[in-house]
Structure formats: structure tokens, C-alpha cells
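Protein chains: 2
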Amino acid sequence: MHDFTYYNPTKIEFGKDKENNIGRYIKENGIENVLLVYGTGSIKKSGLYERIIKSLNENGVGYRELDGIVSNPLLSRVNDGISIAKADKLQAVLGVGGGSVADSAKAIAAGAKYDGDVWDFFIHKAEITEALPVFTVMTLAATASEMNGNSVVMNDATKQKYSIGSVLVNPVLSVVNPALMATVTPEYLAYSAVDIIAHSIEVYFTASTHPHFNSRLVESIVKSVIETTEILLADPDNYEARGEFAWVATQALNGLTPAGTAGGSFPNHMIEHSLSALYNVAHGAGLSIVIPAWMKWYKEQNITQFERFAKEVFGLDSADAGIEALETWFAKIGSPVRLADADIPRDGIDALADNAGELAKVWGMAEQYPKETIAEILKKA
Amino acid sequence: MHDFTYYNPTKIEFGKDKENNIGRYIKENGIENVLLVYGTGSIKKSGLYERIIKSLNENGVGYRELDGIVSNPLLSRVNDGISIAKADKLQAVLGVGGGSVADSAKAIAAGAKYDGDVWDFFIHKAEITEALPVFTVMTLAATASEMNGNSVVMNDATKQKYSIGSVLVNPVLSVVNPALMATVTPEYLAYSAVDIIAHSIEVYFTASTHPHFNSRLVESIVKSVIETTEILLADPDNYEARGEFAWVATQALNGLTPAGTAGGSFPNHMIEHSLSALYNVAHGAGLSIVIPAWMKWYKEQNITQFERFAKEVFGLDSADAGIEALETWFAKIGSPVRLADADIPRDGIDALADNAGELAKVWGMAEQYPKETIAEILKKA
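The listed protein sequences derive, respectively, from chains A and B.
Numbering (my numbering) for the first sequence: 1 to 381.
Numbering (my numbering) for the second sequence: 1 to 381.
I should point out that these hints are in silico values taken from the structure, not numbers from a laboratory.
It should be emphasised that the depicted structure is a prediction, and the values quoted were computed from it without experimental measurement.
Check each hint, because a few of them may be wrong.
For chains that are exact copies, the list does not tell them apart, and a pair is met inside one copy or across any two.
Derived lysine to any residue pairs resembling SDA-like cross-links, with alpha carbons at most 20 Å apart [said to hold, decoys possible]:
(1) LYS223 <-> ARG308
(2) LYS11 <-> PRO133
(3) LYS16 <-> THR209
(4) LYS223 <-> GLU312
(5) LYS311 <-> GLU219
(6) LYS16 <-> GLY263
(7) LYS16 <-> PHE4
(8) LYS27 <-> THR129
(9) LYS27 <-> TYR7
(10) LYS11 <-> GLY165
(11) LYS11 <-> VAL172
(12) LYS86 <-> GLY116
(13) LYS380 <-> ALA342
(14) LYS18 <-> ASP3
Produce the complete structure using the sequences and hints provided.
Dropping the structure here:
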């Protein structure tokens with residue numbers, strides 16, 4: 001067991017109708033007004049927007065609004081939010097939506113308490129020392145943004161999709177109501193499933209030490225994702241499966257799975273960010289392209305763990321069989337597994353490798369992943 | 001998935017030598033003095049006491065002391081601590097020891113901010129609304145007291161072993177250094193293993209709904225406990241196994257395993273508390289006597305889950321085989337599995353059933369567990 005600090009102070013309010021209490025939850029934290037951040041309108045169509053506003057009003061919580069957050073959320077919109085929060089001296093940020101909305105809310109929360117450019121945090125030029133409290137009401141399960149301090153934002157000027165991580169932007173409270181997630185398309189459900197699996201297996205395969213409990217936890221997450229995704233593709237209104245899917249998504253990236261491991265990293269996320277940045281591919285779709293290719297390239301570096309994965313998750317007896325089973329499953333649920341599936345031409349690989357290579361430097365992974373290596377991996381896709 | 005609130009704000013500092021930072025951790029929370037609570041002297045023999053004092057002194061954290069906490073910790077000693085904390089207006093409580101010390105620290109923390117009798121909280125006559133911040137340095141892994149709001153205390157006047165649960169007494173920060181746990185006797189290691197398994201399987205068997213992820217998580221915990229206990233009995237200095245054992249202990253009762261289940265309860269703990277109260281049996285030793293008996297009595301009420309347990313944990317194909325395997329394992333590691341093993345006479349069963357029956361009322365379980373039923377279960381032991 002490697003030394004670690006585990007600290008996750010986010011309160012999760014999980015269950016039906018809990019979003020109707022959001023005004024009360026915010027008020028109970030002594031907060032009088034918020035910046036309400038959301039996407040491109042689906043929460044208005046669904047009626048969720050109206051219920052959130054009602055709850056805020058009933059509890060005397062004032063609000064300003066920032067809409068138009070898109071997937072692969074943009075720095076420019078984050079900066080718009082920071083301007084409003086600063087100008088109106090807002091006390092908190094409330095994100096209502098999926099991972100992109102939550103991530104934008106966090107970046108706004110950090111930027112609102114910083115005199116410089118919020119992008120400084122993303123390029124490790126400055127460290128977050130203060131942030132507005134963040135609240136979220138989630139409409140999509142995938143990123144675990146509801147229970148971590150991570151935020152991934154795309155700099156639309158430089159085409160860099162970078163991230164921050166600080167417990168100061170962990171949501172104070174997140175509402176996870178699986179019923180709000182029932183309208184996700186089969187396509188995005190599949191992408192979400194891929195994302196959750198990616199979050200749990202990156203460290204599982206790359207860490208140099210693996211307590212068995214951590215491996216078991218990851219295998220439990222992956223098995224539950226596979227099981228519930230299949231149920232939900234056939235029966236989208238299955239609340240039990242929707243709920244388990246949502247909770248497993250939260251567990252996959254809230255700090256628990258890597259606790260006690262050493263040396264883990266997120267190479268698939270690093271490489272995928274270039275696909276999202278240059279081709280605006282959905283994050284999960286990009287991951288299902290990168291992961292099988294990376295696994296084939298990497299497997300010999302940790303063959304025992306790849307064999308274990310094959311056996312425990314799929315009941316198969318070789319590393320290769322496990323990789324193939326995962327790739328086949330990605331394809332079966334409708335997520336792309338080749339660059340061509342996402343209309344990315346082979347001659348785009350160099351530019352992708354350049355982009356990911358820059359991120360590798362920021363993440364301190366440039367030695368293991370020079371751009372030639374990234375290109376080699378992408379060629380397998 | 002049943003609705004739930006998950007909130008566990010305890011920070012865990014896990015790893016070697018972290019106890020030497022305890023003064024700094026406390027200071028960083030703006031605290032200037034503490035009540036230092038510990039047991040009957042083992043921390044003085046081991047040198048831990050000296051290092052804690054050194055760290056407090058170096059960081060200018062003042063302290064008063066309360067020693068003499070015994071296993072099955074006593075209300076009288078808790079009241080002593082409350083008196084000191086109130087008289088000297090101490091700002092926090094620091095427990096250094098095992099579960100009994102941590103539990104005492106929590107009860108003192110709650111009592112120090114309450115004008116009435118702290119026992120009011122245990123008999124549900126009053127609710128905790130305020131408490132001093134609690135810090136712990138753990139020397140034993142079993143109760144997960146380092147990461148929950150539970151405290152079990154024995155009223156030495158009335159022979160009632162009752163509990164409280166409030167996030168207000170969750171430790172602000174706990175140090176879990178597996179190296180401090182290496183001197184536990186094989187006997188107490190076995191009792192601890194039983195306790196951890198009990199924490200995870202109580203809800204696993206009694207809940208009326210079981211998301212598969214929760215079941216997988218519990219099975220992961222049980223498998224890791226079995227595996228690491230066997231390693232440690234043969235090789236007490238195995239730090240990896242000691243660390244995994246400690247972390248799994250924490251996970252077994254920090255609120256994670258029951259999240260999303262419905263209707264779970266702790267009948268084995270309820271019954272065991274009477275063994276501890278009347279015969280001063282170690283908690284884990286009492287549990288290994290009660291659990292197999294309870295399982296035999298209860299199995300038909302949730303046969304699917306008992307079959308699942310047998311298969312997933314032991315690779316066996318019937319509920320009975322799983323129960324037998326667990327009982328055999330308890331005996332193998334040296335924990336008693338019959339009342340007679342702990343020198344409890346058969347004619348003591350009535351008094352035990354009376355005592356547990358009173359607790360069943362406090363816990364709202366009297367309908368399912370009248371004292372006749374408790375006696376019937378104990379007779380199987």
C-alpha cells in the first residue's frame with residue numbers, strides 16, 4: 001500500500017425528486033445567491049429548469065444565469081461566467097446538467113476567486129487556493145464530476161483540452177437523481193459507459209502496485225457498468241439499473257479506486273483529449289477508439305493485470321482475449337473502435353500526436369509518451 | 001436503488017510515519033488545544049505516545065490527557081473526559097488507539113457540547129446538534145471508527161452497550177498507519193477480521209434490495225479480509241497485507257457498502273453487544289459466535305443472497321456450504337464459534353436474550369427480534 005490522502009467532502013443526495021430540494025440545500029449552507037450554469041436548453045424542455053428555479057425562489061436564493069455550455073466545454077463560456085460571478089459578487093455556482101456543465105461550474109468557481117486568467121490553473125502556472133462553493137444537479141452519469149475536484153475545459157483559442165484538479169472545487173453537494181438521466185440517447189449512454197470503464201481501468205493497468213482490494217473494486221465497477229448498460233439499452237426506464245449505473249459512475253472517479261496504488265496515470269484520457277479537441281468527438285467515443293489500441297500496445301508492460309482483467313471481468317484466460325472482449329463490447333453497444341468509425345482520417349494522426357504530446361508534457365508523461373509513441377498507438381486504431 | 005444521502009467528510013492520512021504530523025494536521029484546522037485520549041499504556045511502551053506529544057508540542061498545540069480507555073469502553077471514563085474538556089474549554093478531542101479509544105473520543109466530543117447527560121444520545125432521548133472536532137491516530141484496524149460517526153459505549157452502571165451515530169462526530173482527520181498495527185496479537189487480529197466481515201455482511205444479508213455493485217463491494221471486502229488475515233497470521237510484518245487489511249476495514253463501515261440498499265439492519269451486532277456487556281467478551285469474538293448461529297436461523301429469509309455469498313466468496317454451491325465455510329474459517333483463525341468456547345454457560349442465554357432484547361427496542365428491531373427469537377438464535381451457538 002502506497003501512502004495516500006483520501007478526502008472527499010462532497011455530500012451526495014441520491015434519489016427521486018431530490019432536485020426539488022436544491023434551494024433548501026443551498027440555503028442551508030448560508031448562501032444567498034448563485035450563478036446557475038446549464039447547457040443548450042434540454043433542461044428547459046424537460047421541465048427541470050422550472051423546478052430548479054421554483055426551489056431557488058421558494059428558498060429566497062437569488063440567481064444569475066449562464067446557459068450555452070456545450071460538451072467539450074469552452075473556456076470562452078467559462079470566462080463569461082467568471083465575469084458575471086465577479087460583477088454580481090455571487091456566492092456560489094450551481095451547475096445543472098452533465099459533466100461539461102459541472103466542469104464549467106468548477107472552473108468558474110475557481111476563476112471567480114482569482115485575479116488572473118483562469119487558464120493559469122490548467123497550464124499549472126498557478127494553483128487554486130480559493131473557490132466559490134459548487135453545487136450540482138446531474139442529468140448524466142459518466143464523469144463523476146459530481147463527486148470530484150476535476151474539471152476539463154477546452155481552450156477554444158488554442159485547441160487545448162486541459163484539466164484542473166482541486167478539492168476546493170469538489171461540489172459541496174450534488175443531487176444524483178437517476179430518473180433525470182432516463183432520457184439520455186442510446187449513443188450517449190454507450191459513450192458514458194466507456195468513460196466510466198476508462199476511469200476505473202486507467203490506474204488499474206498502469207499502477208506499479210495493486211492491492212487486491214483495489215483491483216476487485218475496479219472489476220466490480222466494470223462488471224456493473226457492462227450489466228446495467230445492457231439492461232438500459234433494452235429498457236431505458238429501468239430505474240434500478242439506471243441508479244446502479246449512476247452510482248457506479250460516481251465511484252469510478254471519486255478518488256477511491258486509486259487509493260493505495262502507486263504510479264498510475266491516465267494515458268488513454270491524455271490521448272483522447274486530442275481527438276475531442278481536433279475533431280470534436282464525444283469524449284466516450286474517443287476513448288473507445290483509443291483504449292483497445294492502447295491496451296494492445298501496453299499489455300506486455302503489465303501482463304499479469306491484463307490476464308487478471310480477462311479472467312475476472314470476462315471469464316477468459318488470456319490478456320489478448322480480454323482486450324478483444326472489451327473492444328467487441330464497445331462495438332456492440334454502439335461506440336466507435338476505429339478512427340475511421342469517427343471519420344478521422346489516417347493522415348490526421350500526426351496532428352493528434354502533436355496535440356496529445358503537448359498535454360503529455362503538462363501531465364509530466366512526455367518521457368513515456370513522446371509523440372512518436374502516441375502516433376504508434378493511434379495507428380493501431 | 002433506494003434513496004440515500006452519502007456524506008463522509010473525514011480526511012484519511014494513510015501511510016508510514018504520518019502520526020508524526022498530527023500536531024500540524026490539528027494546527028491547520030485552527031485548533032490550539034486538545035484532550036488526548038488513549039488506553040492502558042501500550043502507546044507509551046511502543047513510543048507512539050512520545051512522538052504524538054512531540055508533534056503537538058512542536059506545533060504549539062496544548063493538551064490535557066485522559067488515559068485508561070478499555071475495550072468495551074466505559075461511560076464512566078467518557079464522563080471523566082467530558083468533565084476535563086468542559087472545565088478546560090478544550091477545542092478538540094484526539095484519540096490515539098483502537099476503536100474503543102476513537103469511540104470514547106467521539107462520545108466525549110458530543111458530550112462536551114451538551115448540557116445534559118451524554119447517555120441521552122445513546123438512548124435516543126436527545127439528538128447531537130454540536131460536537132468538538134475529533135481527530136484519531138489508529139493503532140488497530142477493525143471498527144472503521146476512523147471514518148464514521150459511530151460510537152459504541154458501555155454504561156457500566158446499567159450494563160448496556162449502546163451506540164450513537166452522527167456525522168458531527170466523524171473524525172475531521174484520521175491517521176491510518178499500518179505499521180502502528182503490526183504488534184496486534186494473532187488473537188485480536190482474528191477478532192478484528194471477524195468484526196470487519198460482520199460490518200460488511202450484516203446489510204448484505206438483511207437488506208431487501210441489493211444493487212449488484214453493493215454485493216460485489218462486500219464480497220471484495222470479505223475476500224480481501226480473508227486473504228490478508230491469512231498472510232498476516234503467517235507473516236505479521238507484511239506491510240502490504242497490513243495496509244490492505246486496514247483500508248478494507250475502513251471501507252467496511254464508512255457508509256459506502258449500504259448506500260442504495262433498503263431495509264438493512266445489524267442483528268448480529270445487536271445480539272453480540274449482550275455478550276460483551278454481560279461476559280466482557282471481545283466484540284469480534286462475540287460476533288464469530290453469533291454470526292454462524294444467526295446465519296443458520298436467518299438463511300431462508302434471503303436464500304438467494306446466501307447462495308450468492310457461498311459462490312462468490314468461497315466458490316461453493318449452496319447456502320449451507322457457505323455458512324459452514326465461514327464458520328470453519330472463523331475457527332481456523334482462532335476466533336470462538338460456540339458460546340462454550342468463550343466460557344458462556346447455556347443457562348446464561350436467557351439473561352443475554354433479555355439484554356439484547358432491550359437493545360432491540362432501542363434500535364427499533366423488537367418486532368423481528370423478540371427475546372424468544374434471540375434465545376432461539378443463541379441456542380444454535
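Tell me the numbers of any earlier hints that the structure contravenes, in ascending order. Result: no hint breaks.
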